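**Student:** So you can see what is in the structure, the chains are spelled out below.
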Amino acid sequence: MRKMKGFRLRLAQFLLLLLAILLLLPMVQTFLYSFSSIGEMKAFMKTRGSYDETQWMEAHLIPNLVSLGQYHQILIADHTVLWLFVNSVMYAALILLGQALIIPPMAFALSKFRFPGREGIFFGIILLMLLPFQVTMVPNVLTLRSLGLINTIWAVILPMWFAPFYIFLIRQFMVGLPNELIEAAEMDGAGTWSVYLRVILPVCRPILGAAAALSFAESWNLVEQPLTYLAARQELQPLSTMFNQLASENTGFEFAGAALYILPALFVYLFFQEDILSGIQLTELK
Amino acid sequence: MYKKKSLVLPFLLPGLAGILLFYVAPFFGGIWYSLTDGSYENAFVGFQNYLNVWQNPMFQLGLKNTMELSLICSPSLFLLSFVLSVLLNRMRPAGAFFRNSVLLPYLMPSSAVLIIWLLWFDYGGPVNRILTLLGQGRVFWLQGQELRLPVVLLFLWKNLGFCVVIFLAALQAIPESLYEYATLEGASFPRQAFSITLPLIVPSAFLVFILCWVNAFRIFKEVYFIGGAYPDEPLYTLQNYMNNMYGKLNYQNVTTAAYSFAVLVFALFGLLFWMQRRAQRGLT
Amino acid sequence: MLAMMLALALGHTALAGEGDRALAILTSDDAYYSGSLENVVMMDGKIYLFINGMNAELRVYDPASGETVSYDMQEMEDRMNGLTQDAVETESEEGEAQEELGLIYHTYENALCWFPMEGEIYAVTNRITYREEGNQVDGGHVRKLILQDGKADLAAEDTLKLDWEGMTYTYGSWTEIKYPNSTVASGNRLYMLTYDNEGEQSLEIFDLTTGEMTEQSVQDWNDIAPSEDGRLMVAQYRWGEQAEQVISLYDPDSESLEPLYRFSLENSGSVNSIAYQPETDTLFFARDGEIYGAKGGDPSQAEVVNDCPVSSGRSFAQLTEQGQMLVWNYNGAFLRNTDPALRSEVTLRVRPYTWSRNLDNASFLFASEHNDIALVRESYGDESTLLQSMMNRDSDVDVYLMSMESSAFGALFDRGFLLDLSGSEALSSAVDSLYPFVGDAVKKDGKLLAIPTGVSGYTMGYQPKNLEAVGLTAEDMPTTWEGMMDFLEELPSRLSGKEARAFELYTDRSSIRSILLRSLLAQYSLTHDGEPMNTPALRNLLERIQKINFDALDVLSEEDMMRMEEENLYEEWGGSKPSLLETYANIPMESYAMAAQPLALGLTEGEEPVLPLSMSVAFVNPYSQHPEAAIAFLETLMAHMDMETRYTLNPNMNEPVRYPNHEEQKKNIEKYYQSAKTNLEKATASGDEEEMENWTEIVKNYEETLRDFDQNNWMVSPEGIERYRERAKYIQIQRWNYLDTLYSGENGEQYWGLQQGFLDGTTSAGDLLSFIDKKVQMMRLEGN
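Chains as they are written, first to last, in this note's numbering: chain D, 3 to 288; chain C, 77 to 360; chain E, 7 to 790.
Source of the hints: derived by calculation from the structure; they are not laboratory data.
The structure presented is a predicted model; accordingly, all values stated were derived computationally and were not measured.
Yeah, the Cβ is synthetic: ideal placement off N, Cα and C, and Gly gets one too.
You can take every hint at face value.
Straight-line C-alpha distance at most 27 Å; calculated BS3-like pairs for lysine-lysine:
{"#": "1", "chain 1": "E", "residue 1": "Lys157", "chain 2": "E", "residue 2": "Lys673"}
{"#": "2", "chain 1": "E", "residue 1": "Lys453", "chain 2": "E", "residue 2": "Lys735"}
{"#": "3", "chain 1": "E", "residue 1": "Lys504", "chain 2": "E", "residue 2": "Lys583"}
{"#": "4", "chain 1": "E", "residue 1": "Lys673", "chain 2": "E", "residue 2": "Lys683"}
{"#": "5", "chain 1": "C", "residue 1": "Lys140", "chain 2": "E", "residue 2": "Lys780"}
{"#": "6", "chain 1": "E", "residue 1": "Lys688", "chain 2": "E", "residue 2": "Lys677"}
{"#": "7", "chain 1": "E", "residue 1": "Lys672", "chain 2": "E", "residue 2": "Lys157"}
{"#": "8", "chain 1": "D", "residue 1": "Lys48", "chain 2": "C", "residue 2": "Lys297"}
{"#": "9", "chain 1": "E", "residue 1": "Lys583", "chain 2": "E", "residue 2": "Lys706"}
{"#": "10", "chain 1": "C", "residue 1": "Lys297", "chain 2": "E", "residue 2": "Lys780"}
{"#": "11", "chain 1": "E", "residue 1": "Lys157", "chain 2": "E", "residue 2": "Lys52"}
{"#": "12", "chain 1": "C", "residue 1": "Lys297", "chain 2": "D", "residue 2": "Lys44"}
Sample of chain E residues with no beta-carbon within 12 Å of chain D, all distances over it, derived:
{"#": "13", "residue": "Asp164"}
{"#": "14", "residue": "Gly172"}
{"#": "15", "residue": "His376"}
{"#": "16", "residue": "Thr485"}
{"#": "17", "residue": "Glu510"}
{"#": "18", "residue": "Pro538"}
{"#": "19", "residue": "Thr541"}
{"#": "20", "residue": "Lys683"}
Just need the whole structure built from these sequences, with the hints factored in.
**Tutor:** Below, the structure written as structure tokens:
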């Protein structure tokens, strides 16, 4: 496509810049707010919800007094948030681990093998991808209970190991890999497992990176599953479910909590940036 | 392609077993649930539950709202991301920074951003300030019909990046030469867009469209945080209904509502799939 | 040899749970004056239980023989209280004291604590002499316990006199002693953990040979116990980042504290009855209704060994020579086996979600009657996991106690997740003998699903006794809500010139508005269930509530209340004038004769008034593995309903009840009266004007008290019963309704914000009611 030039370019750039600012502003604001003192934030949060026509909330971008008070409260004084944070990390790590071991092989099987029922299984996976959580939520409780997993962390983790969306995503990528790669390796005498490990996986690095990042985002954000399967064990809840409670209580340090909550996702993004982007590009989306 | 079936098994089985256990079995098990009456005795009642639920005014309200919200969100997201990606494609490499920042919101947990959203749309907040500067009156953003706007905006904010990236990828796959040739032939920009761009990105468009809908149905979380279990009427979604039923120990209604919804979704997907196939056949 | 074999054989064939026994149960259905267990001493293998109360006694239990001997302590107590001797005659030679503090009123002596020393038990007593203008304290008398002829008494002579000065402190002319929380005798010393009236703690150490005292200042100590090596075990609570209980060893000589065990309080109840058994190196403790044994003294390795009927026992317990654990608190004492092999096979788990007055009593009685069932009474739980447990078909909890107002209970009731109790004759007939509104509430389709365990409820009321002072009669009181609003408007003019107040002084505007609102809405939702609230009639009433003229009614604002308390203006502002209306009047039966009568108001002229009553119930988990045991427990609960609940729910309970020691109390007052008269005579004879005046006043007071004593001194007064029966016809049980869901759910914040706005006057009645209607309508349409 022709490159845009001159005035049009400037206009487009300006609009996009505006959009970019809007997109990033919430995060920037969260980080800025997290550096205000607790008292300041409490007072500020109190001003919301007022229906007084004559008053406005302050546009409070820069903290009056830069302070690490919020962080201190979260990390040192009151351990609740930190503990929830650790829980979230645990869930994300365990989920990703299991997914890494189970999903790529399955995607491999569905893309590079021919066997009866393959199309059927794949179609089923697409259907499952579209289901909202509530459809399987209640019967899942019975399954998990009979396996003795209710009220343990595995109730949340295990189902995620088989999440259909990632199977779909990776499979689509693998389908686009030229078969010559495999044939070449086979000619060198590699068995299927070898082919998988030494040829397929390295080539799939972009999509695996992308899937990992997306899965991390989802695991970090789990709400329904812990609420349903871990109702009795408050101490096992991840930060995502408890966050709302923290936020609604106007504790004054919810911004540091939010910042802490966003940070890992941010790191993951920065780390996997290239992978996400190139991985999606190379996926043949049929 | 491997042909030997026995080789497949070690790769396939673990995943397949898990899917059967945690997704397929509950899916079918849930059907049984929706056919019983859910008291302690748990009698079989056939389709009575379905009739009850479909006739329930709150279910209907939830369904209507979910559909409406999705109808607002998905096309908006689709169009917006398409336009953006087209723009960005024409602006590379300058668009690289933007491309990076647009994906960031997707990875951000929405509950963390929600607080900021609530601040922006507060009665005394910046959005209202801008409105008054423009000569309009203040709006009660956090109630009633008006709450839909912040919710939709939150949805767009979050999902824009992902869709843009997919579209961009598809757009960048189209060889430059095609366009050069068309320009030489005298085709105008809109003509090029429709004859070249659009057909070639149909598969990706399809994927994006599906994803938009799937995510739209998942809006519930944010609505719940803002509006509570019983939000104002225009925001009472199907998931509110299911969630409340769950809280009343009425799992029958939860599954009934869920399956009814699932059937709808499948029908929709089937329709789209069929359309996409036709479109693809027609265009190639 | 034979004995040992016999013992072994018996041990093997013994029933599970055998050996557990109740040593003292001091709860009762009436919960009044049933006595309290103040001290327990273990010496030479025997257990000495010191029971205070109306019939003070010392119970000595010998675990080896299984026998209990009871010694009367009441005589000794009466004597120590100066009731059986003329105290006036003693100590009037204290010239200086007489001058400064005036005449002696009375001298009391009481035993502060008991401790064993060299095979004998001693008490440390404290004597207080009350005079006109102050008192004197003479304490630290260590006297030996003498058991003879079925009576317990203290030796007349002190074995030792402790240096008591450090225990006393004065303010003004009053002398107080520091309150001893726990006492431990160890080695040659007596340790007392004390509090003064500012909450400062000290550890007093008395040398038992010389009586000398040294004092160490300590902080946040909960309890002390002797440890093997002559040191002290100290229990502390630590709040803060992580709530925990810490048990440490304290060396009094070096004043060093060495932590031994830590128990986290994050997700479990607190730990009590800690005891260490050196022979098996096991640490025992009780928590959440069960006794745990931790081998190697490591709490994280603890396993359940038995049930513990005593909730909130003392921090430290003792082990008998037979290895049983003695768990006790002021309410009861039990012996429990610590060998898990002896534990009963059947465990009954009771989870209360609400406080119930008769739960302690029923638990004790049940535990002592059913040795073959281990009754685990958990600490108060959080309802949020109940529905989940039902869905998961959990069977670990057998009996639940909760309020009928809870929405979780409503969900269970509607869907039938309660065990059918109709099979129990005892329960069915008991429920049938109560008011019909009870049966209607707990039965469904003819099946009995729950039994009542407690009642509560309050609304605005009035004082019948003060009607006269105000110039009104019972007929003048309003009978409808409109009438009530009119009444409040007219009241100021009716009260002008009279020595009376509209409301009690200790109330404020916000409280009055909110109780009126709350009662009105509760009543409306009971009687007009399903109808919208935003009606002109209701709006009108709410607006009138907003517009109540509090200035005219002389009701203070919150700032004024604070001022009154700080500047002590209670009397000045007419606090002791009789008041007509009471902000909070109890709806269940009030035994107190002077209690207020709740106002029963009809919503409109033709409508009958309704008084909503909150009831808590017990029911059995349908998935329970031990339904018979659970039903048996419910039968015990039902048979021992506490007094208030009994009178409130049973229409046939109409007998007023005297305090058990009514006659004795009267005799005592008679004695004081007589001795006061004697003093008056003496004063008249000596011609001392001032003294004559004083004693005349005192004699007059006693006369008044005696005259009204029979009429006023009731445990359950006839007036209380009569007033209750009058209002009982308006009572309906308040069950779970949509309003509760609105108050407590995620939309609760919105509601409370609106309600506060209404009470402050910034939100209109229409806005509040339409908000309620909208949300309730949604809930109702969803159906159940």
